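S.K.: What follows is each chain in one-letter form.
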Amino acid sequence: MADIIKPGTGLVYMKVGTHARETLADIIKRKTQEIEETGHGFWGYGGSTCHPLRMVQPFAREHQRRDGVIYLCMEPMESRHFAEPVRAEEYSADGVSWVEVPPSINVLGSRYALVIQNLREEEFELPLERTTVALGNSMGARGSRYVSGRVDKACLEVADDAPSMTAKSVRIGLVADIVEPYAVLLRNKPR
Amino acid sequence: MAEQIDIDLRAAINAVSDVVQNRPRPLREFDQIFMKTGDMVLQSELVARWSNGKRLAFIGDGDAIGLCVAHLHNGGIINYGPAEMVVFDFDERVCSAVTRFADRERLESLRAVLYNCLDAFPGPTDFDCFYTNPPWGASNDGESVKVFVQRGMEATGYGGEGMVVIADDLELEWPKQVLANVQEYAIASGFFVQKMMPRLHSYHLDDNPDLRSCNLIFKALRRAPSSVESSAIMDEARLANFYGRENPPRVRYVRERKRVDYGKAHEDEYSFDLLGE
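For the record, the sequence lines run as chains E and H.
The opening position of the first sequence corresponds to residue 1341 in our numbering, with each subsequent residue numbered one higher.
The opening position of the second sequence corresponds to residue 81 in our numbering, with each subsequent residue numbered one higher.
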């Protein structure tokens, strides 16, 4: 994974753990099966720091044009996140057209999802000090400063003027490729 | 500007709380990010004092500062405020919230007009001053701010004053660039910077909860309004990153789904388990 940590590379960083009453191991198993059956999987998430339309899609499009693959780099953690395991029934890549989530995909307790392939367990150090926030209201801030407190995910670029590799790192344990349309909005069917 | 008076803080906070309770929820895809309530109280008092006795146009007002100003004034919590206010907003929910609240509280000085700032300004163009808290332009070097400011200047016939609320941060580079570009634009349009009040307001902004905004107050060099020929903004370069990188505008109006039970918990949110079942 050394090729991820080179100047200009774009990646979506996210802390992951127990979610909606499922362990991480259970989620990985279920998502791997989804990808096998559907060709891609939905990796659910929330918050507005990586809004699908405003953040992830423009970020991913730009970096795909430039570098090819966009990586989702996930740091496993102990989580006390126990969102209600409500299954999303519809998704939208543009906020206007909504289609049914395929029966083979189950995203639980999330407002948004990244569209992923090639989910794998892979371990390496990601020095957040060597990254900057790529877009949005914190554009240009160091990743190490941005990812703190309640902020646990970010669209990051590896910086040119990065400090040394000895900078404080996070331990990535799970990686996936983000594929078109990169990120989608989720909802229940309107009643 | 009117003389500042001592105000009943509890009454002022409760008045702003009335407005917040009435306000629609923000749509992040259009950069609707709401100011925190304590800052709304202070900002509303300032705006009322700044625009005392004048005619004030709000170019967008998701925060509902216009309603706060009118409610504080009408309720006697402050004894100064603008003579007339018009809120121009492309979100029908915002316009309806203004109309609904103004009707309920008998706020005669305030009305709302559904208007998208990419269209030609509908007038009138003889307001004394304008207020705007636009999309802050992190990804477009302030171009989105300039569009809102342009409409504000048109509302005053390029002859009034304007209060512009935009990002202000000591460390990030983009707010500095936007501040510089907006000031340059205002000066080129016949205005000068009368006052800058740095890092005043906080927001419900989860991707940068510490990011503040400033008040940038412009005044026209010209004393009297001139005739304005407003036109729609079609330049793709100005629009390409309007709501963020690669996010050009694609919605003319946000339409409100009308409900008879506005402001009440929506029945999709809950159900009842009845006693005895």
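It is worth saying that the hints were derived from the structure and are not from the lab.
Wrong hints could be hidden among the right ones.
[Said to hold, decoys possible] Straight-line alpha carbon distances no greater than 30 Å define the calculated DSSO-like cross-link-like pairs of lysine-lysine that follow:
| hint | chain 1 | residue 1 | chain 2 | residue 2 |
| --- | --- | --- | --- | --- |
| 1 | E | Lys-1529 | H | Lys-275 |
| 2 | E | Lys-1508 | H | Lys-256 |
| 3 | H | Lys-116 | E | Lys-1355 |
| 4 | E | Lys-1346 | E | Lys-1508 |
| 5 | H | Lys-275 | H | Lys-256 |
| 6 | E | Lys-1529 | E | Lys-1355 |
| 7 | E | Lys-1346 | H | Lys-256 |
| 8 | H | Lys-116 | H | Lys-256 |
| 9 | H | Lys-338 | H | Lys-134 |
| 10 | E | Lys-1529 | H | Lys-344 |
| 11 | H | Lys-275 | H | Lys-299 |
| 12 | H | Lys-134 | H | Lys-344 |
| 13 | E | Lys-1355 | E | Lys-1369 |
| 14 | H | Lys-116 | H | Lys-344 |
| 15 | H | Lys-134 | H | Lys-299 |
What you are looking at is a predicted structure, and each value in this text was computed from that prediction instead of being measured.
S.K.: Flag every earlier hint the structure violates by its number, smallest first.
M.R.: 1, 9, 12
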